[in-house]
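Enquirer: Sequence:
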Amino acid sequence: IQPAIAKLTNLKMLMLSFTKLTGPIPEFLSQMKKLTLLELNYNQLTGSIPPSLSQLPNLDEIHLDRNKLTGQIPESFGKFKGPKIPSLYLSHNSLTGKVPKSLGDLNFSTLDFSRNKLEGDVSFLFGKNKTIQSIDLSRNTLEFNLSKLEFAESLTWLDLNHNRIFGSLPQGLKGLELQYFNVSYNRLCG
Numbered sequence: 003i004q005p006a007i008a009k010l011t012n013l014k015m016l017m018l019s020f021t022k023l024t025g026p027i028p029e030f031l032s033q034m035k036k037l038t039l040l041e042l043n044y045n046q047l048t049g050s051i052p053p054s055l056s057q058l059p060n061l062d063e064i065h066l067d068r069n070k071l072t073g074q075i076p077e078s079f080g081k082f083k084g085p086k087i088p089s090l091y092l093s094h095n096s097l098t099g100k101v102p103k104s105l106g107d108l109n110f111s112t113l114d115f116s117r118n119k120l121e122g123d124v125s126f127l128f129g130k131n132k133t134i135q136s137i138d139l140s141r142n143t144l145e146f147n148l149s150k151l152e153f154a155e156s157l158t159w160l161d162l163n164h165n166r167i168f169g170s171l172p173q174g175l176k177g178l179e180l181q182y183f184n185v186s187y188n189r190l191c192g
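Residues 3 to 192 in the working numbering are what the sequence shown spells out, letter by letter.
Be aware that a few hints might be false.
Unchecked claim - List of simulated lysine to aspartate or glutamate pairs, DMTMM-like, C-alpha gap at most 20 Å:
hint: 1; residue 1: Lys-70; residue 2: Glu-145
hint: 2; residue 1: Lys-100; residue 2: Asp-114
hint: 3; residue 1: Lys-130; residue 2: Glu-155
hint: 4; residue 1: Lys-100; residue 2: Glu-155
hint: 5; residue 1: Lys-9; residue 2: Glu-29
hint: 6; residue 1: Lys-81; residue 2: Glu-155
hint: 7; residue 1: Lys-70; residue 2: Glu-121
hint: 8; residue 1: Lys-14; residue 2: Glu-77
hint: 9; residue 1: Lys-83; residue 2: Asp-62
hint: 10; residue 1: Lys-119; residue 2: Asp-161
hint: 11; residue 1: Lys-83; residue 2: Asp-138
hint: 12; residue 1: Lys-100; residue 2: Asp-123
hint: 13; residue 1: Lys-86; residue 2: Glu-63
hint: 14; residue 1: Lys-86; residue 2: Asp-107
hint: 15; residue 1: Lys-119; residue 2: Glu-155
hint: 16; residue 1: Lys-132; residue 2: Glu-41
hint: 17; residue 1: Lys-86; residue 2: Asp-114
Unchecked claim - With beta-carbon atoms standing in for the labels, derived distance ranges:
hint: 18; residue 1: Gly-129; residue 2: Asn-184; range: 40 to 46 Å
hint: 19; residue 1: Lys-150; residue 2: Gln-74; range: 31 to 37 Å
hint: 20; residue 1: Phe-183; residue 2: Gln-46; range: 44 to 50 Å
hint: 21; residue 1: Pro-59; residue 2: Pro-26; range: 19 to 25 Å
hint: 22; residue 1: Phe-183; residue 2: Thr-98; range: 22 to 28 Å
hint: 23; residue 1: Glu-152; residue 2: Tyr-182; range: 31 to 37 Å
It is worth saying that the hints were derived from the structure and are not from the lab. Small disclaimer: the values here were computed from a predicted structure and weren't measured. For each residue, glycine too, the CB sits at the ideal point set by N, CA and C.
With the sequences and hints as input, model every part of the structure.
Expert: In C-alpha cells, the structure reads:
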C-alpha cells in the first residue's frame with residue numbers, strides 16, 4: 003500500500019480486498035481521519051496490526067480478516083477514539099496471545115476473531131449490559147467457564163466451537179433470540 007493514498011484526506015471508504023496485497027499494514031492509514039470503512043481482507047498482508055488504527059475517529063468497520071497477520075490484537079483496540087465503536091473482523095489470520103481486557107470496556111456490535119491462535123479467558127467480552135449482536139471466537143484455544151457467562155439480550159450469533167471452553171450451558175441462553183449457536187468441540191458437561 004503506497005503512502006500517497008494517505009493524501010486522500012476526504013476518503014470515507016478504503017476497500018482493497020482481493021487485491022493480492024503483501025507486506026505490513028502501514029501506520030499512515032491512521033492519518034485518514036474520515037474513514038468509516040477499512041477493508042483489507044482477502045490479501046497476503048503480514049506483520050502485526052498497527053495500534054494506531056484505533057485513532058481513526060469515524061470507523062464503523064475494520065476488515066483485516068483472511069490475511070497472514072501475526073502478533074497480538076492491539077491493546078489500543080479497547081480505546082477507539084471516535085463516537086462509534088467499529089465492528090472488528092480479524093478472522094483467518096495467525097494472531098496469538100490473549101485478547102486484551104480493554105476490549106471488554108467497549109460495546110462492540112460485531113467481533114469476529116475466529117480461526118486464529120488466541121488463548122486464555124475472554125469472558126470479559128460478554129455481559130448483560132452489552133449491546134453486542136454477533137460474536138465468533140471459533141477455532142482458537144480459548145479457555146473459560148461458559149456456565150458463568152451472562153449474555154446481552156441483543157446477541158443473535160454466537161460461535162465458540164473448537165476451543166477449550168468448559169462448564170455447562172448457562173440458564174441465560176433461554177431468554178435470547180439466537181439465530182446461530184455453536185459450542186461444539188469444547189469441554190462442556192451437563
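Enquirer: Any hints this thing doesn't respect? Which numbers, in order?
Expert: 1, 4, 6, 8, 11, 15, 16, 18, 19, 20 and 23
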